Each structure stands twice: as C-alpha cells, then as structure tokens.
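S.K.: Sequence:
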Amino acid sequence: MLKKAATAIVVGGGLAGVTAARDLALAGVHTTLFEARDRLGGRTAVQTLAGRPVDTGGAYFHWFQSAIWREVMRYELPVVESGLLTAERYMLGTADGILTVPPEEFEGRLRRGLAAFVGDPSYMELLARPFAFHTNPEIARLDAMSVEDRIQQLDLDPKDEQFLRGMLADFGTHASLAWVLQRMANGVWSYEAILSLFAAYRLEAGMTTLIEAMVREGGFDVRLSAPVTAIDRDNTGARVTLADGSTSTADLVVLATPVSVWKTISFTPALSEAHQTATTEGVVAPNVNQMLMHVRGVPEPVGMFALPDTLAFELVGTHSMIEDGQLLHGFAFYGGISCAAGHAKIEEELRRILPQAELVDYVGHDWSTDPYSLGGHCSLNPGQGVRFLDVLDQPQDRLFVASADIAPQLSGTLTGAIESGARAARRAVQSLASPVPVPVRVGATA
1 MLKKAATAIV VGGGLAGVTA ARDLALAGVH TTLFEARDRL GGRTAVQTLA
51 GRPVDTGGAY FHWFQSAIWR EVMRYELPVV ESGLLTAERY MLGTADGILT
101 VPPEEFEGRL RRGLAAFVGD PSYMELLARP FAFHTNPEIA RLDAMSVEDR
151 IQQLDLDPKD EQFLRGMLAD FGTHASLAWV LQRMANGVWS YEAILSLFAA
201 YRLEAGMTTL IEAMVREGGF DVRLSAPVTA IDRDNTGARV TLADGSTSTA
251 DLVVLATPVS VWKTISFTPA LSEAHQTATT EGVVAPNVNQ MLMHVRGVPE
301 PVGMFALPDT LAFELVGTHS MIEDGQLLHG FAFYGGISCA AGHAKIEEEL
351 RRILPQAELV DYVGHDWSTD PYSLGGHCSL NPGQGVRFLD VLDQPQDRLF
401 VASADIAPQL SGTLTGAIES GARAARRAVQ SLASPVPVPV RVGATA
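If you read the sequence shown in the UniProt record's numbering, its first letter stands for residue 1, the second for the next number, and so on.
Bear in mind the hints are in silico, worked out from the structure with no lab data behind them.
Computed from a predicted model, the values in this text were never measured in an experiment.
Any given hint might turn out to be false.
Said to hold, decoys possible - In silico EDC-like links for lysine to aspartate or glutamate, alpha-carbon gap of 16 Å or less:
hint, residue 1, residue 2
1, 263, 232
2, 263, 234
3, 345, 358
4, 159, 232
5, 263, 273
6, 345, 361
7, 159, 96
8, 345, 281
9, 159, 104
With the sequences and hints as input, model every part of the structure.
M.R.: If you want it as structure tokens, here you go:
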C-alpha cells in the first residue's frame with residue numbers, strides 16, 4: 001500500500017514519460033509531468049499536410065510489438081496499413097544513380113541478403129531470449145562487431161549486398177551487430193516479421209491520439225514549456241529546478257528525456273558513471289531529419305532505399321495515396337537534407353529519385369537540431385549494448401529512468417518507449433510501498 005499523498009514528478013513528455021505519468025497516477029500517486037516543449041509527444045510529432053494529420057516523428061509499429069499494441073487496443077485507436085512495404089515500384093539509390101526493380105526482384109534480393117546476414121547458427125543461441133540481452137555473456141562478442149563487420153564476412157551477390165545495405169541504412173553500418181540482431185530476433189528471424197515489426201501499421205490520426213488518450217485516462221498534471229535544468233535527490237525525495245528558477249518537490253522523479261538530453265541537466269548527486277558515459281558518447285542517430293511531402297506526378301506507390309552517402313534521402317516511400325497525388329514519407333538518416341533547406345532544395349533532391357515529381361507542400365521535423373531531442377532514434381554503437389542495455393534504466397535513489405533509448409527489448413521504437421515508461425512507473429510505485437529500495441536484477445524483465 002502506498003503511503004498517504006505520495007507524489008511524483010516526470011521530466012519529459014514523450015511516449016515514455018506520458019506512459020510513466022499515467023501509470024503512476026492510476027496507482028494513486030499525485031503526478032506532475034514537466035515538458036520542455038509547448039506540446040506533448042517528444043520524438044513523436046503530428047502535423048497537417050494536405051488536410052490530413054501526419055506523423056513526422058515515430059509512427060510505425062506492428063501487433064508483434066506487444067507494449068504498443070496493448071495500448072492501441074486499450075484505447076480502440078484506428079490503425080491503417082503503412083505504404084512503405086507495399087509499393088508497386090522499388091528503387092535503390094546508388095553512387096551510379098537510381099536502380100529501379102519490380103517488387104518481386106526487390107523481395108528476392110532483400111530476402112537473400114537478410115537470410116545471409118542472420119544466417120550464423122550461433123546467433124539464434126546467443127539471442128534465444130531477445131528481451132534479456134545479457135542472458136548469454138557471449139553476446140559481448142557480437143556487440144563488439146559492427147553491421148559493416150558482418151557484411152564483410154558475407155559473400156553476397158553485389159546487387160543483393162547493395163539492397164541489404166540500403167535496408168540497413170536506418171541503423172547505419174556502424175551500429176552494433178548484437179543490437180541489430182536483437183531486433184531481428186524479436187522478429188523471430190523471419191524476413192516477413194522483421195520487416196513488419198518496423199513499418200506495418202500507423203495510427204490513422206497520428207500518434208497524438210495515443211498520447212491524448214493516455215493523458216485523459218491518467219488525469220495527471222501537465223506543465224508545458226517547462227524545461228528542467230536541475231534534479232536533486234536523495235533517499236527521501238527529490239527536487240527539480242526549471243529554467244525560470246522555480247522549483248518543485250516530490251517523493252520521486254522519473255527522468256524520461258532522451259539520453260542525449262541528460263547532459264543538459266545538472267544532477268545532484270551526479271548520475272552514475274554509465275549514465276554519464278552514455279549521454280556523452282550518444283546512443284542515438286544524431287543527424288536524423290524526417291518529412292512528409294505532398295507530390296503530384298507519381299501515379300503509383302513507390303519505395304526507395306539508398307546506400308549511405310549517395311542521396312540526400314536514404315528512405316522515401318508512399319505514406320498514402322490521395323485524390324491530388326500522394327504523400328511521400330522521406331527520411332534523411334545522415335542529415336543530407338533538412339526541412340530548413342526549403343521547398344526548392346527539397347524538390348531538387350526528391351527529383352533525383354523521382355524526376356517527374358512535383359512537390360506541392362511539405363512538413364517535417366529536423367530532429368538533429370531539436371534542443372530537446374538532440375538527435376533521432378536510438379542507434380547503439382559497438383560495445384554499447386553490453387554497457388547500457390538493462391543498465392541505464394536502473395533506479396538511483398529516488399530517481400527512476402525511462403526512455404525509448406534504454407528499453408531492454410526494443411530500444412529506439414515506440415513500443416520500447418512504452419515498455420520503458422511502464423517499467424519505471426512500476427518500480428517507482430514499488431519503492432513508495434517498500435520501506436527500503438527494491439533491488440532490480442540486471443537482465444530481469446521487471
């Protein structure tokens with residue numbers, strides 16, 4: 001049973017923070033959420049294009065991802081199929097130009113490439129429990145390797161290798177092999193499941209609908225435009241200081257900002273060495289920009305993957321077909337183009353892929369320059385999986401940590417954010433009900 005009038009502060013109003021705040025409030029904890037932006041959602045963001053709500057942050061998921069699917073079903077939110085994997089024409093961007101292939105060739109080449117990439121029999125043994133990264137200590141061997149290291153081990157047909165590299169551009173060939181394989185293990189090593197996990201469905205009216213549903217049910221207090229600059233805590237409680245100098249106290253704090261933002265907050269006592277190292281090194285793709293483009297002149301659903309350093313966009317695909325053309329979802333994973341570049345430059349880069357395209361309008365978000373994100377989605381480098389997964393989410397006194405970046409099973413995803421926020425809230429409630437801090441075993445599924 002909770003002590004009377006228990007209080008909590010959640011710092012950060014992204015999906016992890018809103019999940020934690022809702023769960024704390026529903027457990028009877030008086031909860032206040034502080035968000036630096038003038039909106040909730042964090043690295044999810046919904047804008048309007050061609051009269052329709054569109055996501056310019058985290059958007060895609062699958063019912064395989066239990067944490068987010070449970071919320072979608074809980075609130076009965078309408079979902080629609082993504083167009084990214086159902087194109088009628090696929091393209092690969094290379095240094096020599098655009099290679100166009102029919103869907104059956106695209107699938108065949110990518111299927112062969114992925115099968116080879118995950119084909120080492122030891123991978124299935126090392127990641128038999130992908131929800132518990134540290135189960136087999138030998139995972140450190142794969143965590144020390146990069147995606148590029150693995151590709152170099154393969155003897156692929158040159159075109160198959162190009163398609164594989166294009167598909168993996170989201171992670172980057174510098175990413176930890178173990179971390180990427182963990183995602184694929186969560187797709188039970190299946191070609192169809194691996195692709196479906198990350199680009200199968202989206203919410204019809206955007207991720208805002210989920211955020212709003214959580215806030216309504218939780219009934220917690222929300223303070224927007226309230227960046228936190230300092231967090232002081234001990235084993236009896238915590239105090240946060242805002243940029244305007246005001247302070248607020250509570251029995252505990254849930255830190256729910258991206259890992260990159262930790263270094264902008266003063267902590268007393270200091271965060272653990274692992275936390276400080278993570279925010280200094282960075283655990284996200286730092287240069288990600290994303291946009292939705294209303295285009296005319298492209299009559300069929302399309303999908304384009306590009307090799308790194310060949311085009312401004314590494315991924316462009318049909319979001320939805322509309323009466324006046326279509327909406328294309330574009331990703332620049334390495335900062336090759338930004339919304340700030342303007343209409344003319346974006347259209348120029350788009351026409352390198354689709355020469356007939358007319359850019360009517362666009363919206364988007366430059367996550368690379370957002371001061372409250374300092375980058376895009378999680379992307380762990382070699383060695384970081386062993387050092388950070390199931391480590392960074394460990395409580396410190398009355399400080400609990402939640403972020404999609406540190407989710408133990410599917411870090412860097414929408415479901416990972418919910419997974420992390422729910423765990424932090426449960427641990428926080430448990431600490432309030434317990435006379436002594438409750439130890440959490442690294443690698444546990446608590």
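S.K.: Run every hint past the structure and note whether it holds.
M.R.: Comparing the hints with the structure gives:
Proximity of residue 263 to residue 232 is assessed by CA-CA distance (about 15 Å); at most 16 Å being required, the pair is judged to hold. Distance restraint check for residue 263 and residue 234: the Cα-Cα separation of roughly 20 Å exceeds the 16 Å cut-off, and the hinted pair is therefore not satisfied. With a C-alpha separation of about 12 Å, the suggested pair residue 345 and residue 358 falls inside the 16 Å cut-off, and the hint holds. Restraint check: the Cα-Cα separation between residue 159 and residue 232 comes to about 55 Å, which exceeds 16 Å; the hinted pair is violated.
At roughly 12 Å between alpha-carbon atoms, residue 263 and residue 273 fall within 16 Å of each other, so this suggested pair holds. The straight-line distance between the Cα atoms of residue 345 and residue 361 is roughly 12 Å, inside the 16 Å bound, and the hint therefore holds. A distance of roughly 13 Å separates the Cα atoms of residue 159 and residue 96; the hinted pair therefore holds under the 16 Å criterion. The hinted pair formed by residue 345 and residue 281 fails the criterion: a straight-line CA distance of about 32 Å is larger than 16 Å.
With a C-alpha separation of about 14 Å, the suggested pair residue 159 and residue 104 falls inside the 16 Å cut-off, and the hint holds.
Checked against the numbered hints above, the structure violates hints 2, 4, 8; every other hint is satisfied.
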